[in-house]
Amino acid sequence: MNEQQQDKRKVVIELDNVKRYFQVGSETVKALRGVSFKIYEGEFVTIQGTSGSGKSTLLNQLGCLDTPTSGEYYLDGTPVRKMSKNQRAKLRNRKIGFVFQNYNLLAKTTAVENVELPLMYNNKYSAKQRREAAIKALQEVGLGDRLDHKSNQMSGGQMQRVAIARALVNNPAVLLADEATGNLDTRTSFEMLVLFQKLHQEGHTIIFVTHNPEIASFASRNINLRDGKIREDTINPNIKSAAEALAALPKPQDD
Amino acid sequence: MNILNLFKVSINAVANNKMRSFLSMLGIIIGVAAVIIMMSIGQGSKESIRKELSTMGTNLLTIRPGADMRGGVRQDPSAMQTLKMADYQRIIDEKKFVSYVSPEVTSSGQVIFGNNNTNCTMYGESTEYLDIKQWELEEGANFTEEDIRKAAKVCVVGTTIVKELFGEGKENEAIGKNIRFKSIPLRIVGVLESKGYNSWGMDQDNVIIAPYTCVMKRIAAQTYFSSIVCSALTEELTDAAIEELTQILRSNHKLKAEAVDDFTIRSQAEMMETMSSTMDTVTIILVVAAAFSLLVAGIGIMNIMLVSVTERTKEIGLRMAVGATGLVISLQFLIESVLISLTGGLLGVMLGGLVSNFVVPLMGMPSSIPAWSIYVSFAVCTFIGIIFGYIPARKAANMDPIEAIRHE
Ligand SMILES: Nc1ncnc2c1ncn2[C@@H]1O[C@H](COP(=O)(O)OP(=O)(O)OP(=O)(O)O)[C@@H](O)[C@H]1O
Ligand SMILES: [Mg+2]
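Respectively, the protein sequence lines represent chains A and B.
So in my numbering, spot 31 of the first sequence is number 31, and the numbers just go up one at a time.
So in my numbering, spot 127 of the second sequence is number 127, and the numbers just go up one at a time.
No wet-lab data here; the hints were simulated from the structure.
Just so it is clear, the structure is predicted and the values come from calculations on it, not from any experiment.
Idealized CB from N, CA, C, for every residue including glycine.
There's no promise every hint is true.
Said to hold, decoys possible - Capping the alpha-carbon separation at 27 angstroms, the derived lysine-lysine pairs in DSSO-like fashion look like this:
#1 A:K108 <-> B:K96
#2 A:K136 <-> B:K133
#3 B:K8 <-> A:K95
#4 A:K82 <-> A:K108
#5 A:K150 <-> B:K8
#6 A:K108 <-> A:K30
#7 B:K18 <-> A:K95
#8 B:K133 <-> A:K150
#9 B:K18 <-> A:K124
#10 B:K18 <-> A:K108
#11 B:K18 <-> A:K150
#12 A:K90 <-> B:K314
#13 B:K133 <-> A:K90
#14 B:K96 <-> A:K82
#15 A:K30 <-> A:K8
#16 A:K128 <-> B:K8
#17 A:K85 <-> B:K8
#18 A:K95 <-> A:K82
#19 A:K85 <-> B:K133
#20 A:K90 <-> B:K395
#21 B:K254 <-> B:K163
#22 B:K195 <-> A:K108
#23 A:K108 <-> B:K254
#24 B:K96 <-> A:K85
#25 B:K133 <-> B:K96
#26 B:K314 <-> B:K96
As the list claims (entries may be wrong) - Just a sample of chain B residues kept apart from chain A, beta carbon distances all over 10 angstroms, derived:
#27 N2
#28 N12
#29 N16
#30 T118
#31 K195
#32 D203
#33 M275
#34 E315
#35 L318
#36 R319
#37 A321
#38 L327
#39 I402
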């Protein structure tokens, strides 16, 4: 892909020399030391790097959970740095879908209700529309038959699917995942990657923070962080199919 | 998030933790029930005293020796001997607005018949006493003017005396028998109809009424009266009767214009007022004591809510991450604490209602729940929920979503 082709696509995320310093006592921890990049609509980006390199800090910036110490962040064209807490909350609600490592589902709550959660904070949705959107999102992640299962009645993979459905339900500009496969076994991780690839093909923009270098080969672009700076930002020319990788895995033993 | 959704979320949170919610409600339940019970006993006593005093005759007037003591000043004992025979005589001679008059001399002691004895109060009265009190005789007759003149050793007794000395239901046997009060033999000429206990818990049937002349001369050995009881012609004429009695007594006592009365006249209406206000004071004290338990209950709710907020840090972080503002989060917890205290209040009102209606009467106490106490209970519970839910709600709202969501 050349520069010109890229420029024609819509920019979803733009970071302009974003720095994030933390004051710990008298010391300043420089978690991000000036990060700049653009992410276009429909990209599947992995963010990798050693522990402490600033991946989570970066993702918190992208997810509008935090604001840069300096530099500017444009989400879908909107500058975020000067926004109030409440404005950022609204932005997260409308434009961001989060997938966490620990699923973070509400206890004793059904799949549908969990997925409805972001829409509860959006007055434009009626109860009926909320439920319809939640069911649609659950069908998309392959849980159409588990609508009323409670979170504690589901496997890790199912819970993560619910979490992904919850991230999709508000039709976000970007899907952010921090170690979304970190708690899952190999097989389930691949199933999750199949799902992410499917979402990618459907046009979703995905940013996926991971420790696992293998995952990079299933994404369209890889950003590598070191010490709060971008070490490498590469386009993946031949994206591997997660579905094929899953099929190649040794079959689980039934006994 | 709209309010309806917030309520749903809060109801779910309370329902998901039934045991804990119930325990944090318990303080409120007990506190509100206590307040309701106290108020109902207070109100009930007031009503029953009112009823009782009005059946005793609202035109009843009581003259006591000594100046008005409502100020609480101690009086010289000699001041308590101002009501004399001459006063009684003049009232009888000059009364226009007063119908019945009875001087009163009382004495407490033991009354004996055969091997039986009991303690009671002896009332020395005129023949008109029963008319004033509107008491009826069950057996026999009242003593006569002749008995008064002769200071005759006769008496009319209440049913408790009969029961203690002669046995249950022996009213007709008692007539004509001689009982002894402080070694003076008295012949029973009549038995009063039973009136039961009054709301002070006093047995109104544990009385002996004898001619006042007899009690003064033979028993109490005194030349002055403890009081004089009268009745006004009608209830409307009570004030006129008080005025009349005041004039008679002042002129009889030769009081100068500027001197204060050396006697006090109380009407039944005034007595009712005094009783009511005393009951009000007692009720207020009890209710305030019960209300303190509500304060403690509120602190209990705050405690539980703080624990709950800490426990649900991750949930709060998640809600914030998907777009809940601090205000919405704080409302969620505020509604939850109001819900707990209001539900507690509802259960407390029900418990208080049950106890006041079924248990309190079993203990022989009157009760009547004032409707406003229920509304006040609900208002107070809402208030408690907001006040004590505020700190936990604010704690939740001020959480940093990044830290909250990583909280383990
Ligand atoms: N709230 C904070 N206060 C102080 N320092 C912080 C804070 N958050 C992150 N840091 C520091 O910033 C640096 C980057 O942290 P970050 O969590 O982004 O790393 P990471 O790449 O996500 O690591 P890991 O792979 O272990 O999750 C670390 O040195 C960390 O100690
Ligand atoms: Mg991290």
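- Query: Are the Cα atoms of K133 (chain B) and K90 (chain A) separated by 27 angstroms or less?
  - Reply: 80 angstroms, violated
*asked:* Please check whether the beta-carbon of N16 (chain B) is more than 10 angstroms away from every beta-carbon in chain A.
replied: 5 angstroms, violated
For a C-alpha distance cap of 27 angstroms, please report whether K18 (chain B) and K108 (chain A) respect it. 13 angstroms, holds
With the threshold set at 27 angstroms, check whether the alpha-carbon distance from K90 (chain A) to K314 (chain B) stays at or below it. 19 angstroms, holds
Compare the distance between the alpha carbons of K108 (chain A) and K254 (chain B) with 27 angstroms, and conclude whether the hinted pair is satisfied. 90 angstroms, violated
Verify this label for me: E315 (chain B) is non-interface relative to chain A, using a Cβ-Cβ cutoff of 10 angstroms.
6 angstroms, violated
- [ ] Confirm or reject the statement that N12 (chain B) sits farther than 10 angstroms, beta carbon to beta carbon, from all of chain A.
- [x] 8 angstroms, violated
Could you grab the alpha-carbon distance between K195 (chain B) and K108 (chain A) and see if it respects the 27 angstroms cut-off?
Outside the cut-off at roughly 64 angstroms; violated.
query: Are K136 (chain A) and K133 (chain B) close enough, with their CA atoms no more than 27 angstroms apart?
result: 86 angstroms, violated
Minimum Cβ-Cβ distance from N2 (chain B) to chain A exceeds 10 angstroms = Nearest chain A Cβ is 6 angstroms from N2 (chain B), so the label is violated.
What's the verdict on K96 (chain B) and K85 (chain A), does the C-alpha distance respect the 27 angstroms limit or exceed it? 87 angstroms, violated
Practice problem: Verify the proposed pairing of K82 (chain A) with K108 (chain A), using a straight-line Cα cut of 27 angstroms. | Solution: Not satisfied, since the Cα-Cα distance of roughly 38 angstroms exceeds 27 angstroms.
The structure does not agree with the numbered hints 1, 2, 4, 6, 7, 8, 9, 13, 14, 15, 19, 21, 22, 23, 24, 26, 27, 28, 29, 34, 35, 36, 37, 38 and 39 stated previously, though it agrees with the rest.
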